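Numbering (the numbering used here) for the sequence shown: 24 to 186.
If you are wondering where the hints come from, they were derived from the structure by calculation, not from laboratory data. Hints may contain errors.
EDC-like mimics (lysine to aspartate or glutamate), calculated; alpha carbons at most 20 Å apart, straight line [claimed, not checked]:
hint	residue 1	residue 2
1	Lys156	Glu108
2	Lys77	Glu161
3	Lys69	Glu113
4	Lys156	Glu171
5	Lys133	Asp62
6	Lys133	Glu161
7	Lys156	Glu97
Pairwise CB distance ranges (calculated) [said to hold, decoys possible]:
hint	residue 1	residue 2	range
8	Asp32	Ser180	29 to 35 Å
9	Met90	Val179	41 to 47 Å
10	Glu121	Thr29	41 to 47 Å
11	His30	Arg168	19 to 25 Å
12	Thr46	Lys156	44 to 50 Å
13	Ala119	Arg36	46 to 52 Å
14	Glu63	His30	27 to 33 Å
15	Glu161	His30	20 to 26 Å
16	Thr46	Thr66	27 to 33 Å
In this text, all values refer to a predicted model and were calculated from it rather than measured experimentally. For every residue, glycine included, the Cβ atom is placed at its ideal position computed from N, Cα and C.
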Amino acid sequence: MPSELTHIDTHGRPSMVDVTAKTASRRVAVAEARVHFPDEIATVLKGEGLRTAKGPVLDTAIIAGTMAAKRTHELIPFCHPMAIESCRFEIEFVSADELCIRCEVAITHKTGVEMEALTGASVAALTVYDMCKALSHEIVITGVRLIEKHGGKREVSGGHLKS
24 MPSELTHIDT
34 HGRPSMVDVT
44 AKTASRRVAV
54 AEARVHFPDE
64 IATVLKGEGL
74 RTAKGPVLDT
84 AIIAGTMAAK
94 RTHELIPFCH
104 PMAIESCRFE
114 IEFVSADELC
124 IRCEVAITHK
134 TGVEMEALTG
144 ASVAALTVYD
154 MCKALSHEIV
164 ITGVRLIEKH
174 GGKREVSGGH
184 LKS
């Protein structure tokens, strides 16, 4: 574990990391969020083709998650603005009542995109909640985490999205 915080300057003040000296390289991050539905709500959603009165749940979540990933620097104070090259989602039920949302973000840049992937997965999950809250307020979002990170100093491995 690193002994120094990267977003604190020599005077103990918050500071954006200077990436000037870094070399641009391919960076990929995969994050996920889980959405747990009450059993009866999951059954209703599946029976309706994952559509609610607000529209197609998954399509809307993908659009919102992509928009959020692209705007992460506006939400997280010390994230660098980046022109994301790829943002993909895989959304599927992994059990009768649990939806897994995975967001993969890629770029060739001097800094990683794990915050963008985490933001994309989180906002996609929040969008699913918003699209379904009229059915139940007992929907729970859990397990927001980084699954993979490639490029840069540290690697995290777990599993790529399906091609």
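*Could you grab the alpha-carbon distance between Lys133 and Asp62 and see if it respects the 20 Å cut-off?*
Measuring from Cα to Cα gives roughly 44 Å; hence the hint is violated.
*asked:* Checking one constraint from the list: CA of Lys156 to CA of Glu171, max 20 Å. Satisfied?
replied: violated, 30 Å
_Please verify whether Lys69 and Glu113 have alpha carbons no more than 20 Å apart._
holds, 17 Å
*Take a quick look at whether Lys156 and Glu97 sit within 20 Å of each other, Cα to Cα.*
Outside the cut-off at roughly 27 Å; violated.
*Taking the CB of Glu63 and the CB of His30, does the distance hold inside 27 to 33 Å?*
Given about 45 Å between the Cβ atoms, the range is violated.
*Take a look at whether the Cβ-Cβ distance between Thr46 and Thr66 falls inside 27 to 33 Å.*
Taking Cβ atoms as reference, Thr46 and Thr66 lie about 51 Å apart, which means the hint is violated.
*Is it true that the C-beta distance of Glu161 to His30 lies inside 20 to 26 Å, as the hint says?*
violated, 37 Å
*Can the restraint linking Lys156 and Glu108 be considered satisfied, given a maximum Cα separation of 20 Å?*
The given pair, whose Cα atoms are some 32 Å apart, is violated under the 20 Å limit.
*asked:* For the hint 44 to 50 Å, verify it against the beta carbon of Thr46 and that of Lys156.
replied: Because 45 Å falls inside the window, the suggested range holds.
*asked:* If I claimed the Cβ atoms of Glu121 and Thr29 lie 41 to 47 Å apart, would that claim hold in this structure?
replied: violated, 34 Å
_I want to verify a distance hint. Is the separation of the beta carbons of Met90 and Val179 within 41 to 47 Å?_
violated, 25 Å
*Please test the hint of 29 to 35 Å on the beta carbon pair from Asp32 and Ser180.*
The hinted range 29 to 35 Å holds for Asp32 and Ser180, with Cβ atoms some 32 Å apart.
Hint check: violations occur at hints 1, 4, 5, 6, 7, 9, 10, 14, 15, 16; the rest are consistent with the structure.
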